[in-house]
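S.K.: Sequences and hints are given; from them, build the entire structure.
Residue numbers (the working numbering), protein chains in the order written: chain A, 1 to 250; chain B, 1 to 286; chain C, 1 to 338.
In case anyone wonders, no lab produced these hints; they're calculated from the structure. Built from N, CA and C at the ideal position, the CB exists for glycine as well. One should not assume that every hint holds.
[As the list claims (entries may be wrong)] One side only, chain C facing chain A, incomplete, derived with CB under 10 Å:
(1) T35
(2) W137
(3) R149
(4) A206
(5) G209
(6) D211
[As the list claims (entries may be wrong)] Away from chain B, derived, C-beta distances all over 12 Å, residues of chain C:
(7) V30
(8) L31
(9) L36
(10) H81
(11) L102
(12) S124
(13) T133
(14) G182
(15) T203
(16) T212
(17) F240
(18) D247
(19) P288
(20) K318
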Amino acid sequence: MSDYLLETRNLELAYGPFKAVAGVDLKVCAGTIHTVIGPNGAGKTSLFHCLTGERQATGGKILFNGQDIIRKPSHGRVALGMARSFQLTSLFQNLSVRENLRLAAQGRDGLGALNFWRSVEHKRSHWNTADQVLERLKLTARAETLAGELSHGQQRVLEVGMSICAKPTLLMLDEPTSGMGIDDIPVMTDLISDLGRDHTVLLIEHNMSIVMSISQRITVMSHGQILVEGTPDQVRNDARVRTAYLGEAA
Amino acid sequence: MLDLYLFQLLNGLGLGMIYFLIAVGLTIIFGLLNFVNFAHGAFFLLGAYLCYTAVAITGNFWLALLIAPLVVAALAWAVERLLIKRIYHLPHTFQILVTLGIALIIQEASVLIWGPVGKSIAVPPELRGVLIVGDFIYPYYRLFLIGFAALIGLGLWLLLERTRFGALVRAGSESTETVSLLGTNIFRLFSLTFALGVGLAGVAGVLFAPLRGAQPFVGPEILGIAFVVVVIGGMGSFGGALVGGLLVGVVQSMMTSLWPQGASLMIYGAMAAVILVRPYGLFGRA
Amino acid sequence: MSEKNPLPVKGRTPALLLLVLASLVALPLVLPSATLATEILIFALAALACNLLLGYTGLLSFGQGIFFGVGAYGAALLMIHLKWGMFSALLGAAVFGAFLALLVGALAIRRKGIYFVMLTLAFSQMAYFLAYTLSGWTGGDNGLLDVPRPNIEIAGHVLVDLADPRHFYVFVAVLFLLIFAGALRVIRSPFGSTLLAIRENETRAAAIGYDTRHFKILVFMLSGAITGIAGALYAMLLHFAPLSNIDLMMSENILIMTIVGGTGSLFGSLLGAGAIVVLGDVLSELWPRWLMLLGAILILVVVFMRGGLWGGLAELGKRLRPSRPSADKIPAKTKETL
Numbered sequence: 001m002s003d004y005l006l007e008t009r010n011l012e013l014a015y016g017p018f019k020a021v022a023g024v025d026l027k028v029c030a031g032t033i034h035t036v037i038g039p040n041g042a043g044k045t046s047l048f049h050c051l052t053g054e055r056q057a058t059g060g061k062i063l064f065n066g067q068d069i070i071r072k073p074s075h076g077r078v079a080l081g082m083a084r085s086f087q088l089t090s091l092f093q094n095l096s097v098r099e100n101l102r103l104a105a106q107g108r109d110g111l112g113a114l115n116f117w118r119s120v121e122h123k124r125s126h127w128n129t130a131d132q133v134l135e136r137l138k139l140t141a142r143a144e145t146l147a148g149e150l151s152h153g154q155q156r157v158l159e160v161g162m163s164i165c166a167k168p169t170l171l172m173l174d175e176p177t178s179g180m181g182i183d184d185i186p187v188m189t190d191l192i193s194d195l196g197r198d199h200t201v202l203l204i205e206h207n208m209s210i211v212m213s214i215s216q217r218i219t220v221m222s223h224g225q226i227l228v229e230g231t232p233d234q235v236r237n238d239a240r241v242r243t244a245y246l247g248e249a250a
Numbered sequence: 001m002l003d004l005y006l007f008q009l010l011n012g013l014g015l016g017m018i019y020f021l022i023a024v025g026l027t028i029i030f031g032l033l034n035f036v037n038f039a040h041g042a043f044f045l046l047g048a049y050l051c052y053t054a055v056a057i058t059g060n061f062w063l064a065l066l067i068a069p070l071v072v073a074a075l076a077w078a079v080e081r082l083l084i085k086r087i088y089h090l091p092h093t094f095q096i097l098v099t100l101g102i103a104l105i106i107q108e109a110s111v112l113i114w115g116p117v118g119k120s121i122a123v124p125p126e127l128r129g130v131l132i133v134g135d136f137i138y139p140y141y142r143l144f145l146i147g148f149a150a151l152i153g154l155g156l157w158l159l160l161e162r163t164r165f166g167a168l169v170r171a172g173s174e175s176t177e178t179v180s181l182l183g184t185n186i187f188r189l190f191s192l193t194f195a196l197g198v199g200l201a202g203v204a205g206v207l208f209a210p211l212r213g214a215q216p217f218v219g220p221e222i223l224g225i226a227f228v229v230v231v232i233g234g235m236g237s238f239g240g241a242l243v244g245g246l247l248v249g250v251v252q253s254m255m256t257s258l259w260p261q262g263a264s265l266m267i268y269g270a271m272a273a274v275i276l277v278r279p280y281g282l283f284g285r286a
Numbered sequence: 001m002s003e004k005n006p007l008p009v010k011g012r013t014p015a016l017l018l019l020v021l022a023s024l025v026a027l028p029l030v031l032p033s034a035t036l037a038t039e040i041l042i043f044a045l046a047a048l049a050c051n052l053l054l055g056y057t058g059l060l061s062f063g064q065g066i067f068f069g070v071g072a073y074g075a076a077l078l079m080i081h082l083k084w085g086m087f088s089a090l091l092g093a094a095v096f097g098a099f100l101a102l103l104v105g106a107l108a109i110r111r112k113g114i115y116f117v118m119l120t121l122a123f124s125q126m127a128y129f130l131a132y133t134l135s136g137w138t139g140g141d142n143g144l145l146d147v148p149r150p151n152i153e154i155a156g157h158v159l160v161d162l163a164d165p166r167h168f169y170v171f172v173a174v175l176f177l178l179i180f181a182g183a184l185r186v187i188r189s190p191f192g193s194t195l196l197a198i199r200e201n202e203t204r205a206a207a208i209g210y211d212t213r214h215f216k217i218l219v220f221m222l223s224g225a226i227t228g229i230a231g232a233l234y235a236m237l238l239h240f241a242p243l244s245n246i247d248l249m250m251s252e253n254i255l256i257m258t259i260v261g262g263t264g265s266l267f268g269s270l271l272g273a274g275a276i277v278v279l280g281d282v283l284s285e286l287w288p289r290w291l292m293l294l295g296a297i298l299i300l301v302v303v304f305m306r307g308g309l310w311g312g313l314a315e316l317g318k319r320l321r322p323s324r325p326s327a328d329k330i331p332a333k334t335k336e337t338l
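M.R.: Listed below in C-alpha cells is the structure:
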C-alpha cells in the first residue's frame, strides 16, 4: 500500500516498437504541487494522456488512492476525484463562462446529470459551485460572456477553472500557461499556488521560472523515463538535467 | 451451370469496373479536398443523359463517349467555382447537405429536360453481337466495357503516379498547405480535381447507358453503392476503389439471380460492418 | 439560434407554448383541409425528434425514416392483427421506435463524424430492403392497406370519433402540444444541457465526467420514440403504411424540414414542416419538379442562413424591435457546429 495520492508502477505506452512511456514509476504525494518537465519528446504528454485516460496505457499500473484505474475511461476518473485541463484550450465556446463552469460541476453528478425532467435551475448546488469558482478565478464580471469571446489569457484561466468545479482531489494541468502573454502569467501562477492549498496539483510545464517558483516536487523526464526527481533545488543543480536539456556538449 | 456462373461473373466484373470508376472519382475528391460529394450519383446520371443527347445529335456513340464526360466535368468545374469552394471549410455534414441539394436540382432538371421516363441508348453498331466460345455466349459490349474501363483506370493511375499534376494531387492529399507553399495555385488544383473526379462518374454514366439506359432517379442508388465501395476499399485509396468496386459488382451480380434484395442487404451490411470493425477499409490509411 | 442559449429563463416557456398553441389553432383555419394541417403536425413531430439529435446533440442521422416506418408498420400491425386501440397502438409505436433507435444508435455512435453519418445511411438502406423482403409483414412494395384509425373509447363506448378529419386534427394537435412541452422540459433539464455540451465539444464533455455514449443513446431512443409515434399517426391519417415511409428519401425529407425550420429550435420544426409540406402540396400541382426548389432552398439555408426560418424570424424580430440595453441576454452566435 502506498501513501501517495497518485502512483504509477512501470507505466508503459507503446506505439508498436516505439515506447513513448518506457517504464515510469511516478509518485505524487497528496497536498503537493508536483511538476513534470523534460525536453520535447521526453514523454511528458504521453504520460499525461495515460493518466487522464485519453490513451490506454499498454503496460503497468496507475494507482489512485491505492486503486488501479488503468482500465477506467476518462469520464470514470472524474467520478473518482481526478480532473484535468487541456493544453490546447478546449472550452464550450458558444456557451457562457458561467454555463461552462456549471456543466463542469454537474459532470461529477453521475445519475443526476441524466435527470431529464427537472429544470437546470433546480440544482442550485451546481450554480453555487460555478459562482464560487468564478470568484476564485476573478471572472465574476465576465460570467455571462461567451467562452469564445474571452481573451486568450482568460480562456486559459477558465480552462483551469473547469477542472476544479468537480471538487477533485487531484488536478492535472497540461501546460496551463501555454500561449499566455507575459502580463497574464502571474495570474495563472497565483491561481495554481492558491489551488495548491486545497488540491493536489500535477503539472506539465515548460516555463522554468514558474516551475521553480511554485513546485514542491519536480520530475524530470527524458526518453520516456524518469531521469531525476526531487525538490526544485535538487533538480536545478543536477548535472544530468542540464545534459538532457542542453545536450551532451553542455 | 458453369456457363451461368461465368456469365454472372463477367457481368459482375463489368459492373464492378463501372463502380470502380464512380468510386475512384469520389475517393479522389475526398482524398485531396476532404470533401464529401453527395451529388456524385447525380452527375453519373447526367453523364448517361448527355450521352443520349450526344448520340441523338451526332449519331455516333464514340463521339458521345468523348463529349459527354467533358461536359459533365465542365459543369462540375463551374459548380465548384460557384458554390463548392465556399464550403470546403465547413464540416462534412454541411457538405453533405449542400451536395444533397445539388443532387436534387440535377435530378429534377433531368426530368425537366428529358422527361420522367428513362431514355434508352443503343449499343454502338461496332459492338453489337456476341462472342461465342463453344457453348458460351457473351455480348461484345460488355467485354468492351471491362476493357475500356480498365484502360481509363490505367490512364488515371498513370496520371496520378507519373505526372506532375498527379504528384500535386497526391501531395495535396497529405497537406494542402505545403503544396500551396510550393507555388501551386491551390484553387485551380481543387477545381481541376473536382472536375476530374466528377468527370469519371460521367464516364461511368456513359458506359452504363447502353446497358440500362438513362434514368432520372438512379442517383441515390448509385451514390449509395459508390460510398459502400469507398468505405470497403478505404477512403482516398485508388487500389481500394478498384478492389472494392469489383467485389461489390461481383457480389451484386451473383446475388441478383438468387435474391436481389439480399444483394443490397449484404452490401450495405458489409459497409456497416467495415465501418464498425475497420473504418479505414481494406487499403485506407489512418 | 435563440434556443441555443441554455440559460433557461422562467418567462420563456409559457410564451413559447402559447405561440405553439396559437399556431395549432390557426393552422386548420389557414389551410384548405384539416388533413393537410394534420400532415404538417405529424412531420413537425418527426422534425422535432430529428432536431433533438441534430440541433441539440450534433448528430446528423439519415436513419429517421427507419423509426418513422417502424412506427407506422408497428402500429398498423398491432391494430390490424391484435385489435389494439388508439393509445396502445401509439405506445407500441413509441416502443418499437425507441427499440430500433437503441439498436441503431448503440452501433452508430461507435464512430464519429462522416463515418457515423454513413452508418445511419447503411442502416437506413438495410431497413428498407428488409421491409421490402418481409412482405408478409409489411406488404412489401404495396405497403399495408386498410390501416384503421381507432376511436377513443372507454369500455366500448365511443368518447371521440376520430374518423372526422377535424376531430383527428385536434387529437394530433393535443398530442403535439404535449410532446412539444415535454421536449422543451427535456431541453431545459440537466440531461438537455449535457446534450448541448456534447454538441459543442464532446472531448471536453467526456473530460468533465459525462459518459457521452449513454447520453447519445438515450437521446436516440427519445428521438426514435417520438418519430415512431409520428409514423403511426401518419399511417392512421392515410389508412395506409407505404414502403416509402422507411426509405432514404423520407429520412432526407425529415432532415430538410429540420434544417429549413432551424436546427436547434423546437418551434423551428413546426415552421420547417409547415413550409415543406405546404410547398409540396401547393407546388406539386403547379410544377411537378418542385423538388428542384427544395434543393435550392436547402443549399441557401445551409450556406447563408444557418438559423433556418426560426433564425430568420428571430433576426427580423430583433431588427423591428426598438433598441434596448442588452442587460440580461447576450445574443447567441449563429455559429453552429455539427
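S.K.: Indicate, hint by hint, whether the structure satisfies it.
M.R.: Evaluation of the provided hints:
Restraint check, T35(C) versus chain A: the minimum CB separation of about 34 Å is more than 10 Å; hint violated. At about 33 Å, the closest approach between the beta carbon of W137(C) and any beta carbon in chain A exceeds 10 Å, and the interface hint on this residue is violated. Interface restraint check: R149(C) against chain A, minimum CB-CB distance 31 Å, threshold 10 Å, status violated. Hint on A206(C) holds. Least Cβ distance to chain A is approximately 5 Å, under the 10 Å limit.
The closest approach between the C-beta of G209(C) and any C-beta of chain A is roughly 3 Å, which is under the 10 Å cut-off, so the hint is satisfied. Interface restraint check: D211(C) against chain A, minimum CB-CB distance 5 Å, threshold 10 Å, status holds. Interface exclusion of V30(C) from chain B stands, the closest Cβ pair being 27 Å apart, more than 12 Å. Every beta carbon of chain B lies more than 12 Å from that of L31(C), the smallest distance being close to 25 Å; the non-interface claim holds.
Listed as a non-interface residue, L36(C) keeps its Cβ farther than 12 Å from every Cβ of chain B; the least gap is roughly 23 Å. With a least CB separation of 24 Å from chain B, H81(C) remains clear of the 12 Å interface cut-off, as annotated. Against the 12 Å criterion, L102(C) stays outside the reach of chain B, whose nearest CB is about 16 Å from its own CB. Consistency note on S124(C): stated as away from chain B, yet its beta-carbon is not over 12 Å from all of that chain's, at 9 Å minimum.
The beta carbon of T133(C) sits about 5 Å from the closest Cβ of chain B, which is not more than 12 Å, so the claim that it is off the interface is violated. For G182(C), the requirement that its beta carbon stay farther than 12 Å from each beta carbon of chain B is met, with the minimum near 27 Å. The beta carbon of T203(C) sits about 15 Å from the closest Cβ of chain B, which is more than 12 Å, so the claim that it is off the interface holds. Non-interface call for T212(C) relative to chain B: holds, since the shortest CB-CB distance, roughly 18 Å, exceeds 12 Å.
Consistency note on F240(C): stated as away from chain B, and its beta-carbon is indeed over 12 Å from all of that chain's, at 22 Å minimum. Here D247(C) does not stay apart from chain B, with its beta-carbon only about 9 Å from theirs, under the 12 Å limit. Non-interface call for P288(C) relative to chain B: violated, since the shortest CB-CB distance, roughly 8 Å, does not exceed 12 Å. A cut-off of 12 Å between C-beta atoms confirms that K318(C) is not in contact with chain B; the least separation is 25 Å.
In terms of the numbered hints stated before, the structure departs from hints 1, 2, 3, 12, 13, 18, 19, listed from lowest to highest.
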